Amino acid sequence: DIVMTQTPLSLSVTPGQPASISCKSSQSLLYSDGKTYLYWYLQKPGQPPQLLIYEVSNRFSGVPDRFSGSGSQTDFTLRVSRVEAEDVGVYYCMQSIHFPHTFGQGTRLEIK
Amino acid sequence: QVQLVESGGGVVQPGRALRLSCAASGFTFNTYAMHWVRQAPGKGLEWVTVISHDGNNNHYADSVKGRFTISRDNSKNTLFLQMNSLRVEDTAIYYCARDRYGGSRWFVVGADSWGQGTLVTVSS
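Residue numbers (the working numbering), protein chains in the order written: chain A, 215 to 326; chain B, 868 to 991.
Keep in mind that the hints were calculated from the coordinates and are not lab data.
Be aware that one or more of the hints could be misleading.
Cross-link-like lysine-lysine pairs, in silico, DSBU-like; alpha carbons within 35 Å at most [what the hints assert, rightly or not]:
#, chain 1, residue 1, chain 2, residue 2
1, B, K943, A, K249
2, A, K249, B, K932
3, B, K932, A, K258
4, A, K326, B, K943
5, A, K238, B, K943
Some chain B residues judged to face chain A by a derived CB distance under 7 Å, without partners named [what the hints assert, rightly or not]:
#, residue
6, G911
7, W914
8, F974
Partial chain B-side listing against chain A, Cβ under 10 Å, derived [said to hold, decoys possible]:
#, residue
9, Q906
10, V915
11, D929
12, S930
13, G984
14, L986
15, V989
All values reported here derive from a predicted model rather than from experimental measurement.
C-beta: ideal position from N, C-alpha, C; glycine also.
Please model the entire structure based on the sequences and the hints provided.
Shown next as structure tokens:
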């Protein structure tokens, strides 16, 4: 199975400041179709996960443009340009190039 | 908009069975693969299984292979998860989720829309 490793596991951010989360995969997530199957989700307290970013850098419908994703092959980053109070929760990366789909451990973001 | 509503969770003894359902609406159900993903209390997300849009293909996590069966009824826009030989470690919130790819071939790219989940507790 592909192992997804996120860092840090928690971060505390002042509103209006940026935040960054790293995700590393144990294998390349680049598929033969040229796409890289790395997803980012946010799970707000008491809610199901919601998709933020698909295929490394594509924002899902309705996701604010302060969220951005980057990376390639095995190293990926989610950035929040200016953290807002509503961004608190646990962020997960996930690979979907191979079964089983696997998630990172999650990164808990809190507001200072 | 996409709506997924899970049901069927509850408390069950180890070794017993339970069947979860997920009612879908707001999209053309029979063109999307569907997933089940679970989350043990206070833990992270674990992908469980996926089924193709037509029900002819599926994959399972090793942790549930041979015990869980995913199926769907496209005439009723409903996804199912039959869980047999339940173990204490199967205790979790079970989410159904739609795959982002909607098309006529067996291709899975990752979940985009999720239901609220249903809690399964396996305990004696």
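Verification of the supplied hints:
no.	hint	result
1	B/K943 - A/K249	holds, 33 Å
2	A/K249 - B/K932	holds, 29 Å
3	B/K932 - A/K258	holds, 30 Å
4	A/K326 - B/K943	violated, 47 Å
5	A/K238 - B/K943	violated, 40 Å
6	G911	holds, 5 Å
7	W914	holds, 4 Å
8	F974	violated, 9 Å
9	Q906	holds, 8 Å
10	V915	holds, 8 Å
11	D929	holds, 7 Å
12	S930	holds, 9 Å
13	G984	holds, 6 Å
14	L986	violated, 12 Å
15	V989	violated, 21 Å
Hint compliance for this structure: hints 4, 5, 8, 14 and 15 are not met, and every other hint is.
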